[in-house]
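Undergrad: Below, each chain spelled out in residue letters.
4 protein chains.
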Amino acid sequence: MAEPDEFREAREKGLGRILALSDGVFAFALTLLVLDLVVPALAPNQGVSVLPGLLAGEWSGFFNYFLSFAMIAVWWNNHQRFFEYVKGYDGSLKALNLLTLLTITLIPFFTKLLDAWIASPVAVSLYAVNQGATGTFLALTWRYITKDHRFIEGRLDQKAVNRMRITSTIPPLVFFLSIPLAYAGFFFLSTPQVAWIIWYAIFPISYFVRRKYDR
Amino acid sequence: MAEPDEFREAREKGLGRILALSDGVFAFALTLLVLDLVVPALAPNQGVSVLPGLLAGEWSGFFNYFLSFAMIAVWWNNHQRFFEYVKGYDGSLKALNLLTLLTITLIPFFTKLLDAWIASPVAVSLYAVNQGATGTFLALTWRYITKDHRFIEGRLDQKAVNRMRITSTIPPLVFFLSIPLAYAGFFFLSTPQVAWIIWYAIFPISYFVRRKYDR
Amino acid sequence: MAEPDEFREAREKGLGRILALSDGVFAFALTLLVLDLVVPALAPNQGVSVLPGLLAGEWSGFFNYFLSFAMIAVWWNNHQRFFEYVKGYDGSLKALNLLTLLTITLIPFFTKLLDAWIASPVAVSLYAVNQGATGTFLALTWRYITKDHRFIEGRLDQKAVNRMRITSTIPPLVFFLSIPLAYAGFFFLSTPQVAWIIWYAIFPISYFVRRKYDR
Amino acid sequence: MAEPDEFREAREKGLGRILALSDGVFAFALTLLVLDLVVPALAPNQGVSVLPGLLAGEWSGFFNYFLSFAMIAVWWNNHQRFFEYVKGYDGSLKALNLLTLLTITLIPFFTKLLDAWIASPVAVSLYAVNQGATGTFLALTWRYITKDHRFIEGRLDQKAVNRMRITSTIPPLVFFLSIPLAYAGFFFLSTPQVAWIIWYAIFPISYFVRRKYDR
Chain A
1 MAEPDEFREA
11 REKGLGRILA
21 LSDGVFAFAL
31 TLLVLDLVVP
41 ALAPNQGVSV
51 LPGLLAGEWS
61 GFFNYFLSFA
71 MIAVWWNNHQ
81 RFFEYVKGYD
91 GSLKALNLLT
101 LLTITLIPFF
111 TKLLDAWIAS
121 PVAVSLYAVN
131 QGATGTFLAL
141 TWRYITKDHR
151 FIEGRLDQKA
161 VNRMRITSTI
171 PPLVFFLSIP
181 LAYAGFFFLS
191 TPQVAWIIWY
201 AIFPISYFVR
211 RKYDR
Chain B
1 MAEPDEFREA
11 REKGLGRILA
21 LSDGVFAFAL
31 TLLVLDLVVP
41 ALAPNQGVSV
51 LPGLLAGEWS
61 GFFNYFLSFA
71 MIAVWWNNHQ
81 RFFEYVKGYD
91 GSLKALNLLT
101 LLTITLIPFF
111 TKLLDAWIAS
121 PVAVSLYAVN
131 QGATGTFLAL
141 TWRYITKDHR
151 FIEGRLDQKA
161 VNRMRITSTI
171 PPLVFFLSIP
181 LAYAGFFFLS
191 TPQVAWIIWY
201 AIFPISYFVR
211 RKYDR
Chain C
1 MAEPDEFREA
11 REKGLGRILA
21 LSDGVFAFAL
31 TLLVLDLVVP
41 ALAPNQGVSV
51 LPGLLAGEWS
61 GFFNYFLSFA
71 MIAVWWNNHQ
81 RFFEYVKGYD
91 GSLKALNLLT
101 LLTITLIPFF
111 TKLLDAWIAS
121 PVAVSLYAVN
131 QGATGTFLAL
141 TWRYITKDHR
151 FIEGRLDQKA
161 VNRMRITSTI
171 PPLVFFLSIP
181 LAYAGFFFLS
191 TPQVAWIIWY
201 AIFPISYFVR
211 RKYDR
Chain D
1 MAEPDEFREA
11 REKGLGRILA
21 LSDGVFAFAL
31 TLLVLDLVVP
41 ALAPNQGVSV
51 LPGLLAGEWS
61 GFFNYFLSFA
71 MIAVWWNNHQ
81 RFFEYVKGYD
91 GSLKALNLLT
101 LLTITLIPFF
111 TKLLDAWIAS
121 PVAVSLYAVN
131 QGATGTFLAL
141 TWRYITKDHR
151 FIEGRLDQKA
161 VNRMRITSTI
171 PPLVFFLSIP
181 LAYAGFFFLS
191 TPQVAWIIWY
201 AIFPISYFVR
211 RKYDR
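These protein sequence lines are chains A, B, C and D, in that order.
Going left to right, the first sequence walks through residues 1 to 215 as our numbering numbers them.
Going left to right, the second sequence walks through residues 1 to 215 as our numbering numbers them.
Going left to right, the third sequence walks through residues 1 to 215 as our numbering numbers them.
Going left to right, the fourth sequence walks through residues 1 to 215 as our numbering numbers them.
Treat the hints with care, since some could be wrong.
Said to hold, decoys possible - In silico lysine-lysine, DSS-like type, Cα no more than 30 Å apart, as pairs:
no.	chain 1	residue 1	chain 2	residue 2
1	D	147	D	94
2	C	212	D	87
3	C	94	C	13
4	B	212	B	147
5	A	212	A	159
6	B	212	B	159
7	C	147	A	94
8	A	94	C	87
9	A	94	A	147
10	B	212	B	13
11	C	159	D	87
12	D	87	B	212
13	C	94	D	212
14	B	13	B	87
15	C	13	A	212
16	D	159	D	147
17	D	159	B	159
18	A	94	D	13
19	D	159	B	87
20	D	147	C	94
21	C	13	C	212
22	A	212	C	147
23	A	87	A	159
No wet-lab data here; the hints were simulated from the structure.
Owing to the predicted nature of the structure, the values given are computational and were not obtained by experimental measurement.
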């Protein structure tokens, strides 16, 4: 099992680049979201006093901005926690990580779609599907890493591993469950925006589940 | 207190990723600002000799560009100085850091808003609120890190810690103080742009305070 | 041949920066692709139920998005595998790497060109030339690194080196071969899109070749 | 002179972040340039066969793209070579580095200006001033680092230091010299584009100077 030092070094360098690419994609996705926020145009014959009204009219854009920023932050936080104890990798882990990054880069697009089609249950569902996919890929990443302690070298105890398996399943589950809710809201209340309520529930739910399991 | 080597390694790796994400966001925000600078269009029947006049007409855009670039540089400089001696982290420090990054990513948006609504005290105030929030989150970060020498392992003496607490409070304070000034300027001089004068005062004030305390 | 420690350190730091620049460009190119995806506009007098139809009409845009994302991922994967064992560099390796990055940054442009001119064999060919150039520069990079074990310090056996020479030649070859195919498709079937079929063949071909050689 | 290990560590971490921010800015500036390349629009009643003509009509845009990419690569190359042997830093070095990054982020803007106002000696001069400023800040950075071997710990011999002082002065000098040339071209030949010829001379001149001094 003793591994030559130089191969260990190479592997750690390779792992470092996976994290560098990931942090780059997370950082740009976080920053790129801001391009969706529209600066209101000043119409002729209007005074500057109309600005608060124009900005207030964009409230749903700001709302979606904060939601998407918070979700990318949540996914990055999981990614950072998962890879903290990782000591190796293979082609499948790289592929799984690139799939996660694919859905991260799509978040600015689906946020813009949600902004423009706020009343469409299809736009709401597609946003939820993409976020749910990110969460699913991350949960699979953790399962793959910890399967038979493949890449974590037995340092984390099995209880901690299992706890993170459960907590990582909650956010994607919430997003997938929000899809029928969006359709129900659309047909019965003429608005799919009820999905938002359960999306925002991710933050307190995650908090309480983590507290419960951390005891 | 002796910590296994492997856990120490994991923690340093985790910290490295917080810095990598932060540097990515800072670098991207610095570069994204340039998209706000507008290349003047050549109207038909105009010679190229109109270019200097057109560029001069955009002076406030260039002015705001340099201000925002300088401020992101100031915030990055504080962030870099604070984290130089940091040896650990927890979830709250990550959350505080993500809040700082949120306000950093908003700087290009508020710069664009300021460009388009230069005569509106609301646009000036929102720019100041966002910059003030960045400075506040950074000042809180330093307090959180140094509280009971939580994450700095007793290497920095208390005097240096206190000095950085004071100097980190000045820039957000200046931004918050500029808000009533912008309104006063708007009502008495019909222009909120007096706020700029005190914004630019941040650079000499910081310089003198740092000199005084460094003695 | 014994090298002072401090020079070795400097060289590794220099190499680290080549990788940092490369990962930044790869991450940014991956994320920038999303700007090519267009959010459909809601026409007046239309209900939100038209969204699925509008998105379906953009299928080729999504198709090209996934292709370009997958190809940047493939090129990054090769780059990561090549540099894992690299221990030094010179000016020519830096130049070769910058040429690779040049073609990577052009991928979002050629993807947009392909989207807008899907029926033009010229657009299809230019996309293929750029992708083929990326693959060629990467294959040359591997040759340059491994020539007389220049920068890999004899750790990799010659068999592994040769295998990677062969596998790295396949993707650019496929792209260059797709160019006459695009023209044939254009003249005989009035569509250059047959090139796509062979582009997508890169993934299974690479997989089987790698399996065969890994035995 | 003996420095506690922990302070040395902190300083190297701080230096690492300066390089991380710089590489991020260089990488984004390289990638952001591509947004200046315009995909030609297909006019109604036109066949796809017009594409080559439309692309050829944008030749100067591609030309400027390659020039700016090559120059950012040259500046990054100098930056990487300078910092390879650097072992410390202070506030002035950080400030000098941020000024360099400021001019780097402006390159995409001045490239766009050059594209749109190709016949204006003002646009040509502004492009040259910005590039010349980048080169000047980099040359000053090298002087500052090596002054009394301030941050290089006596490892590089004075001859190598002096050689890099000379070679780093050439590119900014060429850019500043191109400004009167652009005006001369404009007044005598009605085109400021003669400046391009001397800009492109940077590459062979640098090559020969380096060869001569490396002997």
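Undergrad: So, for every hint listed, does it hold in this structure?
TA: Structure-based check of each hint:
no., hint, result
1, D:147 - D:94, "16 Å, holds"
2, C:212 - D:87, "48 Å, violated"
3, C:94 - C:13, "14 Å, holds"
4, B:212 - B:147, "24 Å, holds"
5, A:212 - A:159, "13 Å, holds"
6, B:212 - B:159, "13 Å, holds"
7, C:147 - A:94, "28 Å, holds"
8, A:94 - C:87, "22 Å, holds"
9, A:94 - A:147, "16 Å, holds"
10, B:212 - B:13, "37 Å, violated"
11, C:159 - D:87, "40 Å, violated"
12, D:87 - B:212, "28 Å, holds"
13, C:94 - D:212, "21 Å, holds"
14, B:13 - B:87, "11 Å, holds"
15, C:13 - A:212, "44 Å, violated"
16, D:159 - D:147, "13 Å, holds"
17, D:159 - B:159, "43 Å, violated"
18, A:94 - D:13, "28 Å, holds"
19, D:159 - B:87, "40 Å, violated"
20, D:147 - C:94, "28 Å, holds"
21, C:13 - C:212, "37 Å, violated"
22, A:212 - C:147, "58 Å, violated"
23, A:87 - A:159, "19 Å, holds"
Of the numbered hints listed earlier, those contradicted by the structure are 2, 10, 11, 15, 17, 19, 21, 22.
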